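Participant: Listed below, chain by chain, are the residues.
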Amino acid sequence: MSAAEAATSTVRLGRPTLEAIRREAGRAYPHEGCGALLGPATGEVEEALPLPNTEEQAPRTRFVVSARDYIAVEDEADARGLRLLGFWHSHPDHPARPSSTDRKYAWEGLLTLVIAVENGEPRDITAWDVPGPDQPFRQLDLSIDPT
Amino acid sequence: MPVVKIPTPLRRFAGNRAEVPTSGDTVSGLVASLLAECPQLRPHLLGDDGEIRNFVNLFVNGEDVWALSGLETPLGDGDKVTIVPAIAGGTDLSNEEIARYARHLIMPEVTIEGQKRLKESSVLLIGAGGLGSPASLYLAAAGVGRIGIVDFDVVDESNLQRQIVHDTTWVGKPKLDSAKARLSALNPHLDIETYPTALTSENALVIMKDYDVVVDGTDNFETRYLTNDACYFLKKPNVYGSIFRFEGQASVFWPDRGPCYRCLYPEPPPPGMVPSCAEGGVLGVLPGVIGGIQATEAIKILLGIGEPLVGRLLLYDALSMSFEQLKLRRSPDCPLCSSKATITELQDYKVFCGIDETEIPADLEEITATELKQRLDAGEDLPIIDVREPHEWAICRIEGAKLVPLASLSERLHEFDSSRTYVMQCRSGVRSAKAISQLRKAGFRRLLNLKGGVLAWAQEVDPSLPTY
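Chains as they are written, first to last, in this note's numbering: chain Z, 1 to 147; chain H, 1 to 468.
Chain Z on its own, in the form it takes in the complex (with noise of 0.2 Å):
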């Protein structure tokens, strides 16, 4: 990855893979719902995989993602030659921003876009990532593209 690319503050995302997160959000709904996001290059998300909250005690305000389901998108995207750019989740009931926990779990590196979820209907979605260590979330700029 360049510097150019890790500057790159806009988020592309096609209509069906927004369609496609808004989905399995309100379908998760009242848990928190989760999954990958792959694409060819930084900032270009192309597909936004589903993947189970692995959480058991509290799902409605936490979601784990698995050691093995994450090695699995891993070697999906590496053999298909694509990108892990990040992951997405959702937030039941609460705003589309990202929380002190979603902070602490964050990589420099990867990209957390966040989803709200009002009585079961997707709402907002925003894009965050992390540009350094010990830094807060820097929002990026949402574009979605019609195809």
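Hints are all accurate, no fakes.
Which bits of chain Z does chain H cover? Going by a derived footprint, with three or more residues having C-beta under 8 Å, they are:
#, segment
1, 49-58
2, 71-83
3, 87-96
4, 107-118
No lab work stands behind these hints: they were computed from the structure. Remember, predicted model here, so these are calculated numbers, not experimental data. Don't be surprised by glycine CBs; every beta carbon is placed ideally from N, CA and C.
Chain Z is fixed; fit chain H onto it per the hints.
Facilitator: For chain H alone, kept in the frame of chain Z given last:
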């Protein structure tokens, strides 16, 4: 030579490589050789203490190293080690929630962590009546994230004296709709789930299994035993409460930690022996006290604080304003939770609402209120005997009826004439059926039961009568 797979976010610290060949005959040796090769990885893999960070998992050929021999797991040629970053997150309390629960958050026994736990928790209320009303209101106000309610009744005017989750505008409508509207208005941050059904041996386990705590607010023994048994099979704490007239009881039956309801009362009481609130009355504020205790116990259990009311039966007497505690022990002969248990699955009881069907003659002859009115108007000789209590008689009565309370019936048989046909009547038709049973034993044969009692009379014949 083992190979290490670098996760996407760390590849830029490994020369943009997905895989790095390393040396090392154990996992810890491999990590050391990887860091020698790619020193920029160090802060991402190791914490300040030099140990592998909590947020990093290591897998060898698809197995978690901690399920193998940890960092000492031996490695050989061709083994593949995968570095897996932990991917997780979640929501915190919103600013509105923090403002709402401020008085909880400042208590060291609750704090923001405890409040989050309440939000993650779930309580199932059996019944949206006297006990379920205050219990559900306080649980909702306290922020218990998911509240389920089982009830199939509609709001009746006579409920409003104590069932404070409902109000006058909901009379005639389902209690669940009323309760859901009220609780959602009180706290919009919750899920209120409703089950418009009676609890049965068929559905009890399915409904209860997804809840952390069950609050028993039932008014009948059938459901109480069913709730107790289902909680035992599911190992869920059962917060018990019961009320009658001026007295209430509460306890927590927590499987494997203390006794269950059957340790106290192995089998339901003889049918009809224990009157229900509909028959015996209840002080309106009494369920407020007991339901409040049940909500308190549920919240303590969810937070894991204090001493739960396990192995203790709390007795409350409103008239003397006194609380008493009885020690309860697990019964070594309990038919449900002891080593001598005989109950291995849920069962239904014939007893319902304290009514003993065996006391009611199978060949009971009934008359409807409308028919009775017609026959009286036609001049037929049909004396009506009201077997209710004098204080019930004072509320409403059918004109011309004679009061003979059920308890005094056996002493007043001489007042009956076996050549006449009597219409026996009470509030709803249950006690009058028992009276017919007694009179038949004494040799009387010409007896009709007024179907639905004075309530039916008020509905079909004289709407001006007050009912209770």
